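Student: Keeping the supplied structure of chain H fixed, place chain B upon it in accordance with the hints.
Quick note, the sequences are listed as chains H and B, same order.
Residues in the first sequence are numbered consecutively from 1, following this note's numbering.
Residues in the second sequence are numbered consecutively from 412, following this note's numbering.
For the record, the hints were derived by calculation from the structure and aren't laboratory data.
Below, a list of computed lysine-lysine pairs in the BS3-like style, where the Cα atoms sit at most 30 Å apart:
id	chain 1	residue 1	chain 2	residue 2
1	B	LYS499	B	LYS827
2	H	LYS278	B	LYS827
3	H	LYS278	B	LYS475
4	B	LYS650	B	LYS794
5	B	LYS820	H	LYS278
Chain B regions said to be covered by chain H (calculated; three or more residues, Cβ under 8 Å):
id	segment
6	511 to 520
7	525 to 535
8	633 to 644
Predicted model only: the values in this text are computed from it and were never measured.
C-beta atoms are modelled at their ideal positions from N, C-alpha and C, and glycine is treated no differently.
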Amino acid sequence: MSRRRPDRRCLLATLALIAISPTARAAEGDVLVRAGTVETVESGPLRPGAVLISGGTIAQVSAEIEPPEGAEVIDLGEDATLMPGLVDADLPGGVTGPAVEETREITPTFSPLPAVDWSSRAFLEALAGGTTTGAIVPSSENVIPGLAVVVKTAGEEQSDRVVSRDAGLVITVASDPASRNRSRTRPDSIYVRQPTNRMGVVGLLRESFARAARGADPDPDTTSPAAGDPYEPLREAMAGRRSVLAISRTDFDMLTVLRLAGEFGYAPVVYGGHEAYKVAEPLASSRVPVVLGALRVDRPFGPEGTELIWNVAGILHEAGVSVSLSGGDLLDQARFASRFGLPREAALRAITIEPARVLGVDGRVGSISPGKDADLVALDGDPLEFTTAVRWTMVDGAIRFPKPDPSQQED
Amino acid sequence: MTPNRISPTALVLLLGLLSPMAAAQEASSAEGQENRPLAVLAGKVITCAGEPIVDGVVLVRGGKIEAVGPQTEVEIPEGYEVIDCGDKFLMPGLVEVHCHVGGSGDLNEMVYQTNPDLRVLDQVIPHNDALQVAVAGGVTTVCYIPGSGTNMGGFGAILKTGPGELEDVLVRFPGVLKIAQWGNPERRDGTLGSGRMGMNWIIRDQLEEGRAYVRAWDDYESGKSSERPEIDLRLEMFKPLFRREIPVLVHTQGYQGIQATLEMLHDAMDLRIVIGHGTFEGYLISDEVIRRNVPVIAGPRGFRFDPDDGQIHGIVAEYDRRGVEWLGVNTDSPVIPQEELSFQATMAVRYGWNEEEAIRGITIEPARALMIEDRVGSIEVGKDADLVICTGSIIDPRNYVTQVIIDGKVVYDIAKDRRRF
Chain H
1 MSRRRPDRRC LLATLALIAI SPTARAAEGD VLVRAGTVET VESGPLRPGA VLISGGTIAQ
61 VSAEIEPPEG AEVIDLGEDA TLMPGLVDAD LPGGVTGPAV EETREITPTF SPLPAVDWSS
121 RAFLEALAGG TTTGAIVPSS ENVIPGLAVV VKTAGEEQSD RVVSRDAGLV ITVASDPASR
181 NRSRTRPDSI YVRQPTNRMG VVGLLRESFA RAARGADPDP DTTSPAAGDP YEPLREAMAG
241 RRSVLAISRT DFDMLTVLRL AGEFGYAPVV YGGHEAYKVA EPLASSRVPV VLGALRVDRP
301 FGPEGTELIW NVAGILHEAG VSVSLSGGDL LDQARFASRF GLPREAALRA ITIEPARVLG
361 VDGRVGSISP GKDADLVALD GDPLEFTTAV RWTMVDGAIR FPKPDPSQQE D
Chain B
412 MTPNRISPTA LVLLLGLLSP MAAAQEASSA EGQENRPLAV LAGKVITCAG EPIVDGVVLV
472 RGGKIEAVGP QTEVEIPEGY EVIDCGDKFL MPGLVEVHCH VGGSGDLNEM VYQTNPDLRV
532 LDQVIPHNDA LQVAVAGGVT TVCYIPGSGT NMGGFGAILK TGPGELEDVL VRFPGVLKIA
592 QWGNPERRDG TLGSGRMGMN WIIRDQLEEG RAYVRAWDDY ESGKSSERPE IDLRLEMFKP
652 LFRREIPVLV HTQGYQGIQA TLEMLHDAMD LRIVIGHGTF EGYLISDEVI RRNVPVIAGP
712 RGFRFDPDDG QIHGIVAEYD RRGVEWLGVN TDSPVIPQEE LSFQATMAVR YGWNEEEAIR
772 GITIEPARAL MIEDRVGSIE VGKDADLVIC TGSIIDPRNY VTQVIIDGKV VYDIAKDRRR
832 F
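Same shape as in the complex, but just chain H:
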């Protein structure tokens, strides 16, 4: 999200647009948006371009479209860019309380959905930065924390905002779950348990997948008590019907992700990937997509002391790895990634269609194509220019950012 205040000129333009925006009547009538550039992402840029929206869905995309009778027309102007709503594969925040069940390490069927705070400021911030879809990923404090869900950052009804209730099984191949556990403390503490280090993390993962594979009973000490079968998501993953989102940051942990995938036959996606540039080749040859955590180069970074470089995205892309950027501020991240070596087209894909594919929601979001949800971002310039601001963000055909000013609504 850009925290820069819009300048006066931009603000006036925005207010003027609100007056004619379809906010209040999203589902009724057609809307035609014209812009100097339309970045469709999947079928190249249109200059100029026009997008026709009907009933919250993209109906037509073309260089020029005749407005249908009664349609509202929004002309963004020659300098503006219209692009798909951004997709954040690891939306920060959005959950009330811890995004993990703390009493067990293996909770594969647990979902963050019931803990989502739909009015969370995190969604408003994401929306202001152009992000319309985000994955809520359970926290890496558990070895298998649960399922990722995908939601829209805005919408009338909570149920309408859910895009996917099951975007993948999240596992942790990092030292995180060990951080709070202790081998010896007060005997009644729930934190006297494995793992207390990485050997335990990998041991529990391997044990869980092996038990799931042979249909054994869950281990009650480590695994969530469930009415159903807590190992079902693991079996689905091993059968190739579900992806595994593996939180992993060091190079050797990513090799462990690949090794476990080889042993148990699941298709992984790496989440985090700080040192992925060191193992770009094996990631590419195994066709493992990487969702990079927020780009930065503090060195060494975090509890694992990972070595970060600016061009991790560019190196991965060049090796043939699908790269997504995540963790908030997607436009700024794409700008930095592009500044340090990620080609323009890949940078735009990394915040739209690539994360949509990783999450299995590319049928609905991630590009400007007929039939997809009308999630659009209007920018007052080129997306990868640092001075470019978000003019408005539309979700399912309704402009949700900026919020309509009540004093203007009567106009």
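Tutor: Using the frame of chain H, we list chain B on its own:
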């Protein structure tokens, strides 16, 4: 997935061999320069397999030792790159049995007293900062093992210290099982294993379970039993152990500790063992050690103050004096920095060990203890070309390593890399 459906391939992988996916293709793309066969000439070649050779030469081809002998007898074929070390000493790469610096340092998972399902393989960091300096100290092979916080810390991996991906540097996994039978794992928090009695009961109990599991599999695989046992990942790595394909590296010290190790692990369980510290008054049980022909790779503490005679005694020298021949030293790095393995031998000599045996004690004897003597530990035809060039005998601490070759590639050369140690 249906129950019990683990493919044979998956099983091999479960045992820790590398997934082909993880394999980087670096090995095949190694530059031609590095693949050039070498002829290494030195004033003295200490082979650790017979008498030293004065003015000797070692031919290296395809990462292996192709020939070794006096320069007057071994002809250098056309196209070999000649590395003439003048009057320097050439010796086999040093072998460390007790290393904790081969990876991320996730060493002690201490919730349970026995952890046979844990493995260091998943956190190996090849050629990390500590191992790079180790190379400069002449150390070319290390056994990276879990710590001694519990009675059974998990399975270690045997690695080369040079550059490369995991599959390039891995010598064997599982390398050893780590058992701690003295001191560190004794608990005082109310759980079982508060002292030697409880601790030894725990180790025996776990090994009994493992042995029963392996026997059930052996019976099934030899056709003695038609009932296929369930795969239990917690016990799976006991298979190579009870089949005597890999040893147990035992953290054991003192007379009582070593006695328990010999009687339980060697006699009752019929395991290959390595006495991994052997310190304090442990040498007093030398007769029992000799009778069973097990290796003592001693350290990191190299001496003991004997209150009876008021003298400092060298640990290794005392074993040696009593007739133990399968002897070596370790660093327990980072307790002693990994690059100082040769200093451990130096100090053992200072306390009365023999220099020739001390050189064997950091090369071929630890290699035999780890059961990798077919690959490393001496300069013999067919073995890995892991060679160390030193300004003189490595036992004299005034000398230093000038070049190191691992698997036929020069990985350290003070002319290019500056002297790092």
